[in-house]
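Under the UniProt record's numbering, the sequence shown has 94 at position 94, and the numbering climbs by one with no breaks.
Quick caveat, the hints were computed from the structure, so don't treat them as lab data.
Take the hints with a grain of salt, since some may be wrong.
As the list claims (entries may be wrong) - Beta-carbon label-pair distances, calculated as ranges:
| hint | residue 1 | residue 2 | range |
| --- | --- | --- | --- |
| 1 | HIS206 | GLY81 | 41 to 51 Å |
| 2 | THR205 | PRO258 | 19 to 29 Å |
| 3 | THR205 | SER13 | 44 to 54 Å |
| 4 | ASP118 | GLY16 | 54 to 64 Å |
Glycine included, C-beta positions come from ideal geometry on N, C-alpha and C.
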Amino acid sequence: MRVWLPSSSFLDSLKGFESDIQVVNASTGIPDSCEDVEFLVPPMFEIRSEIEALIPTMKSLKVIHSLSAGVEDLLPHVRQGVTLCNSTDAHHTSTAEMAVALTLASLRGIDHFSRQYDWPLRTQHIWQSLADTKVLIIGYGSVGTAIERRLDGFECEVIKVARHSRDGVYGVSELISLLPLCDVVIMCTPHTAETENLADKDFFTHMKQGALFVNVSRGPTANTNDLVEAVETGHIRAALDVTEPEPLPLGHPLLTLPNVLLTPHVAGRSTALQSRLNNLICAQVKRYLTGEPLKNVITGLY
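All chains should be modelled from the sequences, with the hints used to inform the complete structure.
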């Protein structure tokens, strides 16, 4: 088969192309031969490692399309002549929602009150509003753009940083000078050599006292030891959907620090994801089988 897909849920939208498609997942098992596979969509979780191990034997392989927004785990498997694509267009809705949810939950103390119905505290503490704050978005791709759209209406000022400066967007070289100005810093970059440990001791030191660090990108974009130190000293707060390592081992400081809100890397997993993922993958398969240019192609520095 020319195309391997991880779920039969894609087939309803690919009528007329069935002869070119094979569903390969934990239920079906892996076929004996994969030499004729041209377009591969690896499963997100189950038997993923087994299929990745077969990629070198896929002699006809032309395209690998990741179901995730991040592709760092697939990059080592991409040889010359193979195009790598991601699914960021399908994930940005859910991820942007989570970024805003984490921000609001942390600023307004929802994480605290969910653990303890602290009635006296309601009159003893004034929780920070998102209104009148400055929010820094680091990574102004599809996810960062979606976050900005959702922040519109919260009466906050949004500042954007990307790899290179352009109209209305600062370059990453200006990041350190922007950090002291912002009440909330949202990290939504891909994980690359450039962004690994981007949020380090110097980064956190330059953040505004009491500011909130939100990470919905990948755990390695923040240096965990430096993050823990910044939170333990009370300099910043953190709301994290991703950590390094994942999962955090029992006893890790991030699991118990009172000014840290954690979710277990679930930002992209919502009811909004599946339909968008289905539409994206099916459109991409049709483009390939009909000879049209692919979308979401990873090029250059990713």
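Here is how each hint holds up against the structure:
Against the hinted window of 41 to 51 Å, the Cβ-Cβ separation of HIS206 and GLY81 comes to about 43 Å, which satisfies the hint. Between THR205 and PRO258 the beta carbon distance is about 21 Å. The supplied range of 19 to 29 Å therefore holds. Restraint check, THR205 to SER13: a C-beta distance of roughly 50 Å satisfies the suggested window 44 to 54 Å. Under the hint 54 to 64 Å, the C-beta atoms of ASP118 and GLY16, about 60 Å apart, fit the expected range.
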